[in-house]
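Residue strings, one per chain:
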Amino acid sequence: MSADPTPGASGSTAATGPVAPPRTPAASIHNIGYRKYDGERLGRGYAMRSLFVQSLRGAYGLGRSAKSKVLPMVLFGVVLAPSLIMVAIAVATDAKELPAEYTAYPLIMLPLIGLYVAAMAPQSVSRDLRFRTTPLYFSRPIERTDYVIAKYSAMSVALLIFVGTPMLVMYVGGLLAKLGFVDQTKGFALGLVMALVFSVLHAGIGLLVAAVTPRRGFGVAAIIGVLTIPYFATTIMQFIVYDEGSREAVSWLGLASPGTLMDGFQSKFLDGSTDFPGSIVPSNTAGICYLLVIAAVIAGSYLLLNARYRKAGL
Amino acid sequence: MTVIATESLSKRYPRVTALDRLNLGIAPGVTGLVGANGAGKSTLIKILLGLAPATEGSASVLGMDVRVDGARIRERVGYMPEHDCLPPDVSATEFVVHMARMSGLPPTAARERTADTLRHVGLYEERYRPIGGYSTGMKQRVKLAQALVHDPDLVFLDEPTNGLDPVGRDDMLGLIRRVHTDFGISVLVTSHLLGELERTCDHVVIIDGGKLLRSSSTADFTQATATLAVEVTDYAETPATAGSNETPANAEQPANAEHTANAEHTANAEAHEHTANSEQPARLDGAAALREALTAAGLRVAAPGSGEQTLPGAGHLVMVDAADESTYDIVRDTVVELGLGLVRMEQRRHRIAEVFQDDPQSATDPAATDSATTDPATTDPAATEPTAGPTAAGRLTESGGRDDTEGGGSHVR
Chain A
62 MSADPTPGAS GSTAATGPVA PPRTPAASIH NIGYRKYDGE RLGRGYAMRS LFVQSLRGAY
122 GLGRSAKSKV LPMVLFGVVL APSLIMVAIA VATDAKELPA EYTAYPLIML PLIGLYVAAM
182 APQSVSRDLR FRTTPLYFSR PIERTDYVIA KYSAMSVALL IFVGTPMLVM YVGGLLAKLG
242 FVDQTKGFAL GLVMALVFSV LHAGIGLLVA AVTPRRGFGV AAIIGVLTIP YFATTIMQFI
302 VYDEGSREAV SWLGLASPGT LMDGFQSKFL DGSTDFPGSI VPSNTAGICY LLVIAAVIAG
362 SYLLLNARYR KAGL
Chain B
10 MTVIATESLS KRYPRVTALD RLNLGIAPGV TGLVGANGAG KSTLIKILLG LAPATEGSAS
70 VLGMDVRVDG ARIRERVGYM PEHDCLPPDV SATEFVVHMA RMSGLPPTAA RERTADTLRH
130 VGLYEERYRP IGGYSTGMKQ RVKLAQALVH DPDLVFLDEP TNGLDPVGRD DMLGLIRRVH
190 TDFGISVLVT SHLLGELERT CDHVVIIDGG KLLRSSSTAD FTQATATLAV EVTDYAETPA
250 TAGSNETPAN AEQPANAEHT ANAEHTANAE AHEHTANSEQ PARLDGAAAL REALTAAGLR
310 VAAPGSGEQT LPGAGHLVMV DAADESTYDI VRDTVVELGL GLVRMEQRRH RIAEVFQDDP
370 QSATDPAATD SATTDPATTD PAATEPTAGP TAAGRLTESG GRDDTEGGGS HVR
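Chains as they are written, first to last, in the numbering used here: chain A, 62 to 375; chain B, 10 to 422.
Calculated directly from the structure, the hints in this document are not laboratory data. There may be inaccurate statements among the hints.
[Stated by the list, open to error] Simulated DEER-style distance windows between Cβ atoms:
1. A/K97 / B/R138: 21 to 31 Å
2. B/R138 / A/V342: 49 to 59 Å
3. A/G124 / B/V77: 27 to 37 Å
4. B/D93 / A/G286: 24 to 34 Å
We treat Cβ as the ideally placed atom computed from N, Cα and C, and that holds for glycine.
All chains should be built: construct the whole structure from the sequences, respecting the hints.
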């Protein structure tokens with residue numbers, strides 16, 4: 062065994078030996094020297110759009126490692142599944158309407174959406190803060206507000222896709238099941254309004270919490286905490302005051318958490334059915350307060366994010 | 010043409026004054042900005058990038074006013090921060106492409122420029138791997154690449170050699186030099202290491218406490234005369250002394266290893282210190298003997314205790330002015346005649362720090378006198394402030410040797 066390979070091996074080295082050296086120079090890389098760039102520079106607006114696109118793709122793990130695609134894609138699949146099932150049921154049973162309203166869908170999926178925000182908001186902003194990449198952005202044409210706007214809108218659009226796609230599935234399914242074009246279109250339109258307000262509100266809260274907790278793990282926990290603990294606390298309080306007979310207090314309490322805020326908003330303004338105890342719809346005064354609080358939270362998140370980046374600069 | 014111009018530029022925070030009426034005019038080329046930590050280097054860069062408003066005074070970069078044209082300046086300027094700023098989970102290519110687009114380059118151009126720039130800074134196959142696995146030197150290259158990818162007219166490099174080993178440091182300094190010579194990009198490089206800038210920069214600006222201390226061309230006083238550093242042993246090597254001192258020398262080696270170029274050298278130096286200090290204190294001082302002999306041979310020799318000879322382990326150095334080629338022969342022959350061991354003989358340039366040395370030394374040190382006399386002529390009008398005297402010398406003394414292991418190890422304190 063040891064005798065046989067030896068002639069073969071020596072033969073092969075003898076064969077490759079003379080061949081190999083002449084090939085090496087040909088394989089060298091030519092240094093063509095430094096080339097100046099004289100092309101166009103597209104400036105601030107383009108840079109901001111690039112950041113928006115990059116952040117939006119990042120929110121679904123696109124353009125990043127396969128590992129970081131897993132979570133957003135799994136969550137997206139899970140949030141989509143109930144809408145497909147609902148459509149299947151509606152088509153199979155010749156139902157008169159879909160099992161759930163469009164506007165109620167984000168509320169049914171609330172824990173799942175909370176999980177998605179908690180996973181993706183830190184990914185979007187905490188990384189730049191933690192690895193101190195922000196000075197590289199601010200030493201480029203964009204301003205600090207541009208950075209915040211790009212990140213905020215990217216997160217909002219990512220959430221809108223996350224919440225709106227199941228609604229689209231329901232709408233297409235509803236039309237296929239011949240549930241009435243006018244009814245479905247109206248419901249879908251209201252659903253989209255709900256999805257938009259819901260997305261902007263939750264994106265703002267999520268990004269703000271993520272931006273003040275640069276450690277990603279803390280950020281995830283903090284966002285889940287901020288989105289769920291007040292929601293459960295508020296719901297419990299609502300049932301307590303409802304049992305004690307003060308119906309008006311139920312809707313006022315609803316202002317205290319993002320989830321109940323959206324519930325009251327959609328039942329008051331978007332024709333939705335509510336999960337509030339006794340299906341109480343906020344009064345007109347309370348309704349205006351719902352709008353004001355939503356606007357205040359969105360504006361507040363934006364302003365606080367800007368303040369956060371004033372400090373995080375170079 | 011000036012790349013950066015400031016006029017009476019001040020920046021005051023509630024508690025501290027970061028910049029105090031700074032007047033600068035920086036021409037194209039490689040300019041070093043030297044100052045201790047907190048001297049105002051970072052504040053100056055921040056203002057020049059248009060990110061922080063100046064309290065008073067004005068500044069312009071590439072002919073644009075920093076107050077109104079911040080975004081346009083940042084389009085034509087690159088910035089490499091001092092600290093780590095790279096996300097570990099993306100590859101260098103992805104990251105630099107993104108940064109190129111953030112500078113306004115269209116997608117195709119961003120990709121082409123990224124490939125070019127990464128190759129120019131010396132990153133090849135590894136550029137497709139996540140940055141998290143890179144060495145410090147490779148990370149510094151990525152940081153430099155992102156500052157150059159949009160082909161700026163000027164780059165600010167904030168402490169680019171921080172955290173690098175001596176070889177990496179030399180590579181980086183060479184790269185910075187090329188950024189100007191090959192790429193045609195002006196460079197403003199900050200450092201608290203005076204020694205490394207003299208090799209890299211055309212011009213050095215020294216600020217301290219937000220004030221301009223000095224602004225001079227490096228060529229004028231570092232290349233005027235060549236100096237020869239000669240290190241000798243106290244005695245001709247005999248096997249007996251070398252053998253007897255081997256063990257203690259090795260034991261002491263780790264503590265002093267950083268001062269020496271190689272292990273053999275360390276053993277020698279330690280052996281002689283040992284011999285001179287404890288065992289036979291009455292023996293002849295080799296360096297002093299050589300100094301006398303060389304002076305007698307007509308060479309100009311620096312007085313002991315001047316310049317870097319105050320450094321630990323530098324007592325055996327003799328600094329000789331190398332007039333021409335024959336100096337080398339004279340030194341060699343003299344060393345042989347005296348029966349000393351020649352540890353090394355290397356060429357030196359004058360160092361920027363010499364400019365800041367006190368008068369008593371320059372009186373006895375011909376080299377320092379030379380640079381002191383040429384000095385007023387080469388400084389900028391703005392820099393001829395009387396503050397550059399004793400305070401500068403006190404702050405800007407060098408604490409490190411100029412051995413290869415130390416790189417530009419001279420700290421501004």
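Against the structure, the hints come out as follows:
The hint said 21 to 31 Å for the Cβ distance between A/K97 and B/R138, and at roughly 29 Å that hint holds. Checked against the given bound of 49 to 59 Å, the beta carbons of B/R138 and A/V342, roughly 57 Å apart, stay inside it. The hint said 27 to 37 Å for the Cβ distance between A/G124 and B/V77, and at roughly 36 Å that hint holds. One distance hint, 24 to 34 Å for the beta-carbon pair B/D93 and A/G286, holds here, with the actual separation near 30 Å.
Of the numbered hints stated above, none is contradicted by the structure.
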